[in-house]
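Could you put the whole structure together from the sequences, leaning on the hints where they help?
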Amino acid sequence: MAEVEVRDIRKAFGGVPAVDPTEGDILIGGHSVRGLPPRARKIAMVFQSYALYPHKTVEHNISFPLEAQGMTKEERATRVRWAAGLLGIESLLQRKPRQLSGGERQRVALARALVREPQVFLLDEPLSNLDAKLRASARLELKQFQQRLAASTIYVTHDQVEAMGLGDRIAVLNLGRLQQIGTPDEIYHRPANTFVATFVGSPPMNLVPRDGRLVGFRPENVRLSTDGQRLEGASFACHVIRIENLGSDRYVYLRLKGDAGDTNVNAKLAVAEQLPVKADEDAQLSVEQRHLSYFDQKTGGRIAA
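Residues in the sequence shown are numbered from 1486 upward in steps of one, following the working numbering.
It is worth saying that the hints were derived from the structure and are not from the lab.
Honestly, I wouldn't trust all of these hints.
Pairs of lysine-lysine residues, derived as DSS-like cross-links and limited to a Cα-Cα distance of at most 27 Å, are as follows [as the list claims (entries may be wrong)]:
| id | residue 1 | residue 2 |
| --- | --- | --- |
| 1 | 1742 | 1763 |
| 2 | 1753 | 1742 |
| 3 | 1527 | 1541 |
| 4 | 1558 | 1496 |
| 5 | 1753 | 1618 |
The calculated label-pair distances, taken between Cβ atoms and stated as ranges, are [to be verified]:
| id | residue 1 | residue 2 | range |
| --- | --- | --- | --- |
| 6 | 1656 | 1688 | 19 to 29 Å |
| 7 | 1744 | 1486 | 49 to 59 Å |
| 8 | 1740 | 1670 | 24 to 34 Å |
| 9 | 1486 | 1625 | 17 to 27 Å |
| 10 | 1736 | 1698 | 19 to 29 Å |
We put the CB at the ideal spot given by N, CA and C, even for glycine.
As structure tokens, this is what we get:
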């Protein structure tokens, strides 16, 4: 698997062509690609729109980049059959894109990228045109596809479920600035700042002002009681605003009282658990110490307990 490394890359404007970096380098498999034209970098890309040629068959869509390379007809046919077999689209080779479903078009676009035998795949929101049900199955297919090839894959998405489900490492960006790089577990349980804490997770992490800093905790780590029982960690007096039953889980909407002010927080409880509170009553909210995160109230950065 080729490692993609970006070294001190910087892009400045003002008389400088946009396609050339001002400083730094990009390496793939230990080799610089800064001076190489795109076609020589062994990178394949799949866009959100799939960009299939409507007048060509699936077979010709897949083989098109090989024709541009001057590959023989026999070699092209061999690679097309291999890629189509890997993605389960052998029966679609003579169809036109208009005859395909969204999921089938996505696989054709992947096959077209695959036949080039790239070192790196760049996937730019390839599932965003699919409905929710198809996206779930397509995520599984993509993960299996990547594992079979053992190819480095950079995947761009605004969907945190896709990022958490597909990524080995995740880079979280906000307005073009890198906020955190880490495993899905690190991103979720140890967010680097309040942006990551509230961007990843549904419902997002609760943030409560206390002693000049923000105390963060995930909704599923909240424990509620009406008998004043507290856990070692953080406890807050609260009022139950509303309870939603979503089938497997209940969302409990709360308003904190006392030093925390009128801060609203959420709790996520499994339906299998006995519901310890009722709507429109006072309760005690507690979170174990191991589930707490702390952030600077001014900068939003993560700080030690």
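A quick look at each hint next to the structure:
For the hint pairing residue 1742 with residue 1763, the CA-to-CA distance comes to about 17 Å; that is within 27 Å, so the pair holds. Between residue 1753 and residue 1742, the direct Cα distance comes to roughly 19 Å. Compliance with the 27 Å bound is thereby established for this hinted pair. Between residue 1527 and residue 1541 the alpha-carbon distance is near 24 Å, which keeps this suggested pair within the 27 Å criterion. Straight-line distance between C-alpha atoms of residue 1558 and residue 1496 comes to about 42 Å, which puts the hinted pair past the 27 Å bound.
Of the supplied pair hints, the one linking residue 1753 and residue 1618 holds, its CA atoms being roughly 24 Å apart against a limit of 27 Å. Between residue 1656 and residue 1688 the CB atoms are about 23 Å apart, so this pair conforms to the stated range of 19 to 29 Å. Distance hint check for residue 1744 and residue 1486: the Cβ-Cβ separation is about 51 Å, which falls inside the suggested range of 49 to 59 Å. Between residue 1740 and residue 1670 the beta carbon distance is about 31 Å. The supplied range of 24 to 34 Å therefore holds.
In this structure the hint that residue 1486 and residue 1625 lie 17 to 27 Å apart at CB holds, the actual value being about 20 Å. With their beta carbons about 26 Å apart, residue 1736 and residue 1698 fall inside the hinted range of 19 to 29 Å.
This entry does not satisfy hint 4, going by the numbered hints stated previously; all others are met.
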